[in-house]
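Construct the entire structure; sequences and hints are all you get.
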Amino acid sequence: MAWLDSHLLTTTLFLPLVWAIFGLMIPTGTPGGRATLRTWTLLGSIATFALSLLIYQRYDAAGAEFQLAEAIDWLPALGISYQVGMDGISLWLFLLTTFLMPVAILSSYQAIEHREREYYFLLLFLETAMLGAFVALDVFLFYVFWELLLIPMYFLIGIWGGKDRIYAAMKFFLYTLVGSLLMLVAIFYLAYQHKVQFGSYSTTLIDLYRLRLPGEGYASAQSLLFLAFALAFAIKVPLFPLHTWLPDAHVQAPTAGSVILAAVLLKMGGYGFMRFAFPLFPQAVLLYQVHFLALGAIAIVYGAWVAMVQPDIKKLVAYSSVSHMGYVVIGLFSLNPVAAMGSYYQMLNHGISTGALFLLVGMIYERRHTREISAFGGITRVMPLFAVAFMIVTLSSIALPGTNGFIGEFLILLGTWQASRATAVVAALGVIFGAVYMLWMFQRVMFGPVNHKENESLKDLSFRELAVLIPMIVAIFAMGVFPNFFFSKLDPSISRFLERSTGAALKVEAASAPATAVYAAKGE
Amino acid sequence: MIALIPLFPLIGFLINGSWYAFVQAAPGRRKAGSGITGAIATMAILGSFVVSCLLFLQLQGLPPESRVLEQTLFPWMTFAGFKLDMAFRLDSLSTLFTLVVSGVGTLIHIYSIGYMSHDATPGKFFAYLNLFCFAMLMLVLGASLPILFLGWEGVGLCSYLLIGYWYSDPEKASAGKKAFVVNRVGDFGFLLGMFLIFTAFGTLDFEALRSAIVHGGHAALPEGVAVTTVTAICLLLFVGCMGKSAQIPLYVWLPDAMAGPTPVSALIHAATMVTSGIYMVARLNFLYSLSPTAMAVVAAVGGVTAFFAATIAITQKDIKKVLAYSTVSQLGYMFLACGVGAFTAGVFHVITHAFFKALLFLGAGSVIHGMHEEQDIMKMGGLRAKMPVTFATFALGWLAICGIPPFSGFFSKDEILWLAFSSEHGSVLLWGLGALTAVMTAFYMTRLFTLTFLGKPRFSEAHGEKHGHGHGHGDDHSHGHAPAGVHESPFSMTGPLQVLALLSLIGGFMGIPHMSWLEHWLAPVIPAHQATGHVAAEMEWVLMGVSVAGAALGIFLAIRLYADLELPRQFATKWAGLYRVLFNKWYVDELYERTLVRPIHALSQGLWKNFDVAVIDRIVLSFGRASQWSGQTVRTIQTGSIQFYALVLLIGIVLSVGYLIYGLA
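Protein sequences, first through last, are from chains S and E.
Residue 73 in the working numbering sits at position 73 of the first sequence, and the numbers go up by one each step.
Residue 1472 in the working numbering sits at position 472 of the second sequence, and the numbers go up by one each step.
Hints are computed from structural coordinates only; laboratory data are not their basis.
Every residue gets a Cβ at the ideal spot worked out from N, C-alpha and C, and that includes glycine.
A portion of the hints provided could be inaccurate.
[Stated by the list, open to error] Example chain E residues on the side facing chain S (calculated, C-beta under 7 angstroms, incomplete): (1) A1025; (2) P1075; (3) M1077; (4) T1078; (5) F1079; (6) G1081; (7) F1082; (8) Y1167; (9) F1188; (10) L1191; (11) W1608.
[What the hints assert, rightly or not] With a cut-off of at most 25 angstroms between alpha-carbon atoms, the simulated BS3-like pairs for lysine-lysine come out as follows: (12) E/K1321 - E/K1456; (13) E/K1386 - E/K1321; (14) E/K1574 - E/K1317; (15) S/K489 - E/K1083; (16) E/K1456 - E/K1317; (17) E/K1379 - E/K1321; (18) E/K1456 - E/K1386; (19) S/K459 - E/K1031; (20) E/K1609 - S/K163.
Pasting the structure below:
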């Protein structure tokens, strides 16, 4: 137990992978075997979720910056080490991942009919990679996890995807991989700078926070390094105009893949900005603030408009992600507590509501094998429970007060208004167009008469599907009505993030503080 | 205690909603009747009404200046740099609204038990109705703008759900969506207004805001806040009101909203939700009164809307459409009042209008019910004999809206007209607009009344047969009516009509000029209106006479004109152009369709196909193609032929040797 106490993060992190390796040994020749495999996988994800709840309980918002920290030397000559730790910013994204994983697995029970062993192995493998990226406190380690998760995702899209799965998988893989290479170069440069300034190589994040890099002008070190990081993160977000991999990947991916892609992978971009790009290069952030505010605002309206005319529901949801994640970008670049809090919250919201939308789309796809909006109509009559769930998720997506979406959008817009009124005004247009594309789609799919004979006999939600959706719906309302439950564990971390990210003056102060004070493993 | 007011309907919603969704909804499953589901819902809203009454009495027991009750439930959004509680505040203004919402709401719930008795899914209907009451009560009880906004969007949602209640009909579903989207346009302004308030005053709480501005009973700008900022705030918030309270240019959703069941039109689209804009302006009266520009805009928009909507109402043939435009027009009246600084008169008209317009809508519903879903007044007539209770109660509502003393509408309308004339923000022009509208109101309401109840029936007795299934409510809603003749409605429907008729008759007495209980009651929230010296007091009586005479004129004209339908027909052909413009509602919907809806849609299509796919994605793919192409190109050198490699080798050696020999020299 003492060992678990001191290695809680690592245990949670690698539990899915180890669990998955055992899963590979389950024979799947018979239906019984396949059922065993599914249950085994589900149990693994639930066990991971249970452990992450323990982490939630251990994490003390008033305590040190990074808690439950662990550090093991890896490549000491280069200053690279295995370092993980947890703060508020990691915590909720970590929990979001572990919360969604059982949901995603449960949603795959019927959709996946071939090569199930590989499929469930890859899902759990993916979970470890994602969790690792959210807790890595060594930049190089982060990079390893960041690239690692491309591999399972590539196969998930490429093997179990739709008609154009190979194209989509390749595009997704190459786009994100190539976009990240400059970040790797920048990481090496940072490690080298640490040697120049402090005498030894290091890729430990908290060491790098102390670096002083010239930040005047677009050609300065900070500016270039920031761009190298920002390119990788902006592609993941995805920020207009780097978003075109998303619709393809989303449409082709199997339901669980889309859910994880939208709910967790996109958050890596926002998380990367918060954890690395902003605190490491504060002057560059100011330099590029205007550009990113503009791109974010464009993304919101552009994403909404393009979403409006999509004939495919999944593509519509994909473009809506571009719009929703635009809010995250403007919130972060507004550099004030209200917007930053909203931005972070919006990431969680988007994970829940877009994740749920993909689940719902997957459910009607399994019934009709089409996602064309025009193939539906009047579904409310034949699938009333589905209609209720779909309505609630739609409302969450259009940020109706009382649902989670509102809290995020409201705080972001309120905060952005203080930073840039023009941005806030353009972004607030998303409030209108968001309602247009969602409600119009909802109307065409769910209302009107049942025009297609195939739709007459559709079955309403099964127990399994209800079990998939109910946690999401509970989360939608819980996050909309009691956001303070989430804020309380976040607040100090968001404040620290802002302190580090707003101005070089604060950076000097941070540099004088000893780096070790920031860590505190439980029990020390 | 305050929280109980919205809590009851919420519980009602949860009971009916989950019962419906999990038990009744599946196709082929038996649906619970309107009796039991309606009883649950009615009990819920009745509970709110009882609590509202108790709290009203409690407030009355307090000295006027401390008539405020507060309740904080929990911190909603609180972190470094921001603080917002889930808190309710009940004062003399919100208590009036809770009484009206829960009181009229209860009556309409009871009415709906009868009205929806043939509906296929009453459980769903009553769940939505309760949800609406919950949101509406949150709206009026919220202690801060975001909580008001929570209710504000919540009522919008219920409106959307209830307009599209018979969703199988694409037109009805579209009407719901239109209402939501147009309201979102208004909410865009509301949100920006809120942000500006937060930037300027650092708070979104009403009381904090008020104490930042009002000192010793006088509103004054705090240091560092410019008048232009206040004007911007007021105008942005007013954009929200234009949406929710259906003012020009965002009124277009309300007439379409008549697609919903008639009790919904009465409760949401006449008595309560659409008046939230007036509630907000009255709530923030201290802010509005600081900005003459904003006041002028509010008054002008209100006045013009009142007139404009009345012109359309004159030609409409659908009984609910006439009432809908009439509602738009009356809401304009209320804003006219607010705009001239007569916030109390605005609130007064909200209350009386809630009584008589709910009555008129429910009466219309009773007619529609009795006529088996016929809504065209040209196909009615002579219903006086067939539906005596509906006729009598409708008549009271008709007299009230026409402004005939001593019915309630007379007092509130007259108060507005008088202040439009005499207040410092008022003018003869505004008064003229209001008075002209009053004449037109009397005219079109009399037209409606005459065509529906008087004269000879213009329908055949076997009417029901044709319309028995002409419901358009989709397969989910087969109207199981026996095709009997036209009949009076059951007591569950006529009962509420009679209560509302009584209220329409006596409701005005709370605001008798010069001894207004209402003005006195609202004084802690809305400072009593100071009499201005520039208008002689006798003018008040003169103007009162003029407006009564105007109403009488309107009634007289309409009765003469519509006694024989030949005459209006001649008018319509004589001024065919004007008639067509009015009948087609000034072609505003068509205008929006052409200038906004279609261009944005075309733009989006263009952006997607010609930019997203054709430009951005092509650039992305061109990176891939470029590397493929360079690979292909370089590959051609790798022929695999030894002779070719030897040749290249030879050329290389010759060139290098040549360079070494001659180049260096």
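Right, here's what the structure says about each hint:
{"no.": "1", "hint": "A1025", "result": "3 angstroms, holds"}
{"no.": "2", "hint": "P1075", "result": "5 angstroms, holds"}
{"no.": "3", "hint": "M1077", "result": "5 angstroms, holds"}
{"no.": "4", "hint": "T1078", "result": "6 angstroms, holds"}
{"no.": "5", "hint": "F1079", "result": "4 angstroms, holds"}
{"no.": "6", "hint": "G1081", "result": "4 angstroms, holds"}
{"no.": "7", "hint": "F1082", "result": "5 angstroms, holds"}
{"no.": "8", "hint": "Y1167", "result": "4 angstroms, holds"}
{"no.": "9", "hint": "F1188", "result": "5 angstroms, holds"}
{"no.": "10", "hint": "L1191", "result": "6 angstroms, holds"}
{"no.": "11", "hint": "W1608", "result": "5 angstroms, holds"}
{"no.": "12", "hint": "E/K1321 - E/K1456", "result": "22 angstroms, holds"}
{"no.": "13", "hint": "E/K1386 - E/K1321", "result": "23 angstroms, holds"}
{"no.": "14", "hint": "E/K1574 - E/K1317", "result": "19 angstroms, holds"}
{"no.": "15", "hint": "S/K489 - E/K1083", "result": "16 angstroms, holds"}
{"no.": "16", "hint": "E/K1456 - E/K1317", "result": "17 angstroms, holds"}
{"no.": "17", "hint": "E/K1379 - E/K1321", "result": "15 angstroms, holds"}
{"no.": "18", "hint": "E/K1456 - E/K1386", "result": "11 angstroms, holds"}
{"no.": "19", "hint": "S/K459 - E/K1031", "result": "19 angstroms, holds"}
{"no.": "20", "hint": "E/K1609 - S/K163", "result": "21 angstroms, holds"}
In this structure, none of the earlier numbered hints is contradicted; all agree with it.
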